[in-house]
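Each residue of the sequence shown is one higher than the one before, starting from 324 at the first, in the working numbering.
No lab work stands behind these hints: they were computed from the structure. Note that the coordinates shown come from a computational prediction; the quantities given were computed from them, not determined experimentally. Hints are not guaranteed to be accurate.
Unchecked claim - With a straight-line cut-off of 35 Å between C-alpha atoms, the simulated DSBU-like cross-links for lysine-lysine are:
id, residue 1, residue 2
1, K353, K328
2, K375, K389
3, K375, K342
4, K385, K353
5, K385, K395
6, K342, K385
7, K353, K375
8, K391, K342
9, K353, K389
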Amino acid sequence: MVEFKIRIHPGQRLAYIPKEIYEALGPSCKAVADCCAAVIYNEQTNLPDVIKSLEIILEDLKHRVKRKEASKVDS
Numbered sequence: 324m325v326e327f328k329i330r331i332h333p334g335q336r337l338a339y340i341p342k343e344i345y346e347a348l349g350p351s352c353k354a355v356a357d358c359c360a361a362v363i364y365n366e367q368t369n370l371p372d373v374i375k376s377l378e379i380i381l382e383d384l385k386h387r388v389k390r391k392e393a394s395k396v397d398s
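The task is simple: from the sequences and hints, build the whole structure.
Below, the structure is given as structure tokens:
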């Protein structure tokens, strides 16, 4: 899983989308956000497929948290 840092211009509210994301999602996307996270997906993608992808991403994030906690214990 690859993580990207995306910066948003504060005045123009524009963001550079990395090539890898554009190639995966295409030019027409939808976004769903709450107060601390967002998901962006191709507008043609079926929601069950989006949910499955989010489950995979969530498991990866949980794994990262566990690894970070384990490295603190080992230090």
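Quick rundown of the hints versus the structure:
With a C-alpha separation of about 19 Å, the suggested pairing of K353 with K328 holds against the 35 Å cut-off. Restraint check: the Cα-Cα separation between K375 and K389 comes to about 21 Å, which is no more than 35 Å; the hinted pair holds. Proposed proximity of K375 and K342 is supported: the alpha carbons are some 23 Å apart, at most 35 Å. For the given pair, K385 sits about 25 Å from K353 by alpha-carbon distance, which is consistent with the 35 Å threshold.
With a C-alpha separation of about 16 Å, the suggested pair K385 and K395 falls inside the 35 Å cut-off, and the hint holds. For the hint pairing K342 with K385, the CA-to-CA distance comes to about 26 Å; that is within 35 Å, so the pair holds. At most 35 Å may separate the alpha-carbon atoms for a hinted pair to count; K353 and K375 meet this at roughly 16 Å. Of the pairs offered as hints, the one joining K391 and K342 holds, with about 29 Å between alpha carbons and a cut-off of 35 Å not exceeded.
Our distance criterion of 35 Å between C-alpha atoms is met by K353 and K389, whose separation comes to about 31 Å.
Hint compliance for this structure: no hint is broken.
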